[in-house]
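**Q** Residues per chain, in single letters:
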Amino acid sequence: MKHVVVIGAGPAGMAAAAAALRAGAVVTVLDSAEEPGGQYHRRPLGARYRAAKAFDRVLGHPRCTWRADTSVWALERRDGRAPLVHALRGVADGADREAVCLDPDALVLATGAHDRVLPFPGWTLPGVFTAGAAQALAKGERVAVGQHVVVSGTGPFLLPVAASLLQVGARVEAVLEANQPRTILRGWAQDLSELVPHTGKAARLARYAAGQLRHRVPYRMGQAVVEARGDGRVEEVVVARLRADWSIVPGTERTLTADAVCVGHGFSAQLELPVAAGCELAGDTVRVDGDQRTTQPGVFAAGEITGIAGQPSAVDSGTVAGWLAAGGAPAEIAGALRRRDRGRAFGRRLAEAHPIGDGWAGWLRPDTVICRCEAVDHACLTRALADPVTAGARSVKLSTRAGLGPCQGRICGPAVAALTTAAGAEAAGAHHRPIAQPIRLGELANQRTEENR
Amino acid sequence: MSPRPIRLTIDGEPVSGMDGQTIAGVLLASGRKAWRTDPAGQPRGVFCGIGVCFDCVVTVNALRDVRACRRRAREGDDVRTQSRVDGER
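In order, the protein sequences belong to chains A and B.
Quick note on my numbering: the first sequence kicks off at 9 and runs consecutively.
Quick note on my numbering: the second sequence kicks off at 2 and runs consecutively.
The hints are simulated quantities; they were obtained by calculation from the structure and are not laboratory data.
Careful: at least some of the hints might be erroneous.
As the list claims (entries may be wrong) - Taking beta-carbon pairs under 10 angstroms as the criterion, some of the chain B residues facing chain A (in silico):
hint, residue
1, Gln-22
2, Gly-26
3, Arg-33
4, Ala-35
5, Ala-41
6, Gly-46
7, Val-53
8, Val-61
9, Leu-64
10, Thr-82
Ideal Cβ placement from N, Cα and C applies to all residues, glycine included.
Isolated chain A (complex conformation) (with noise of 0.2 angstroms):
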């Protein structure tokens, strides 16, 4: 009986999870969360989230062993095998954690992905967060980020954050769409026929636009944050109408007063686990053939990772992984292949009606901070960039600390990458790193459980 380790819980994961025991497989999945569901189904404080039957009956079956608050750390490659998965178990960041060693015959990784957020002028300041933080917070926690809260970036995602803030009570002063509408059209409209089976998600979104936040929140195409101010903490912010390029309309900026601002400029995929197994990359996701098959051998790839195109989507990508990592038929599952070809010509909609502007470049100052972590301003790395000795990424990083401190990049990566590309020189691409989320020395060195089944 093969053994399928699937490494994340959101609706990837599961779906997989579900397929390869569905397939006959012994499955174990691991999550670094205490709940299943990832952020997608984040579970509101006090309640049960909508899958959780659902769940229940994966997680609960027989066959299958649940691992919540499991961080995986590395894996380990075996010529023509499925990785050693090495992970630590119990509370976040904590020092005496479990020590976890799985030998699968087949991993699916399924780790999902995290706001992209670009620099701006203040966006250290607290009081700005993420779009994803924003919803979190008031999904999860029923905690409002800020009482005026100005929600900037690109994507539908912004509406369904400012809909979470409202119901924490916040009041969302504007929701900002850095494209234009034209851009926005141009790339939904190509091939209407791709969307027909996405229309719930359209009518969905066009309800958050024309209904519920209509009337409490303006919405503005071609507007974003360019600066946030403020003693400490966010007191108000700068709004500016951009160009097509995402450029500044000079004399276009005007002051809003606010306490928060979110900010969401599309999605970065969670690559550190698939580049540790050895995955080769396709641009910003992990490369996958028709059966979300990764490069590496025993190993599939799933979800965000594959391709940013919402929750059906992983679904869908995630059922064909698990089901083939399983060892199951293709020809049993081709209603799940049918709808993950849909699933991948929604993301690509998704990605050229919001793309992201190279004329961010022009809200950065010489003191704005790029990377968070190591406080590396504009002016350190363009004088970097500017050196011939320095100007490789290796030496970028190296000469200006960006990228080195505890987030190992995963902030400022894709800013970094593109202002060095900017610059004429040439940008690294994501790392191999042998240790994949920082944990303790201490904990490196207690290695013991092994644990097979």
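Dock chain B against chain A, hints included.
**A** Below, chain B without anything else, positioned relative to chain A:
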């Protein structure tokens, strides 16, 4: 079902929260927006909210570098703010 109230201390000061909240949630709900200083001495609080950015780290029950957004608050937790200045790097 309404969550049970819990009590913890932030730098010795008593603060109440709800069972199930993270330390970040308790801190924000208590009106605090910043509780750490960055390498340049500037204040920082929560940014990503899901454990990616490490901006919100605090010391919990004498253990440094715990992400406040990932750690559930427990009754009686002793939470201390921390800094990367003052030679503490």
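**Q** Evaluate each hint against the coordinates.
**A** Hints and how they fare:
Using the Cβ-Cβ criterion of 10 angstroms, the hint placing Gln-22 of chain B at the interface with chain A is satisfied: the shortest such distance is roughly 5 angstroms. Using the Cβ-Cβ criterion of 10 angstroms, the hint placing Gly-26 of chain B at the interface with chain A is satisfied: the shortest such distance is roughly 4 angstroms. Hint status for Arg-33 of chain B: holds, given a least beta-carbon distance of 9 angstroms to chain A, under 10 angstroms. Interface hint status for Ala-35 of chain B: upheld, as the beta-carbon distance to the closest one in chain A is roughly 4 angstroms, under 10 angstroms.
The interface hint given for Ala-41 of chain B holds, since its Cβ lies 4 angstroms from the closest Cβ of chain A, which is under the 10 angstroms cut-off. With 10 angstroms as the threshold, the beta carbon of Gly-46 of chain B comes within range of chain A, its nearest partner Cβ sitting at about 4 angstroms, so the hint holds. About 5 angstroms separates the beta-carbon of Val-53 of chain B from the nearest beta-carbon of chain A, less than 10 angstroms, and the hint is met. For Val-61 of chain B, the shortest C-beta to C-beta distance to chain A is roughly 8 angstroms, which falls under 10 angstroms, so the interface hint holds.
Contact between Leu-64 of chain B and chain A, as hinted, is supported at the beta carbon level, the nearest pair being about 6 angstroms apart and thus within 10 angstroms. The interface hint given for Thr-82 of chain B is broken, as the beta carbon of that residue sits about 12 angstroms from the closest beta carbon of chain A, more than 10 angstroms.
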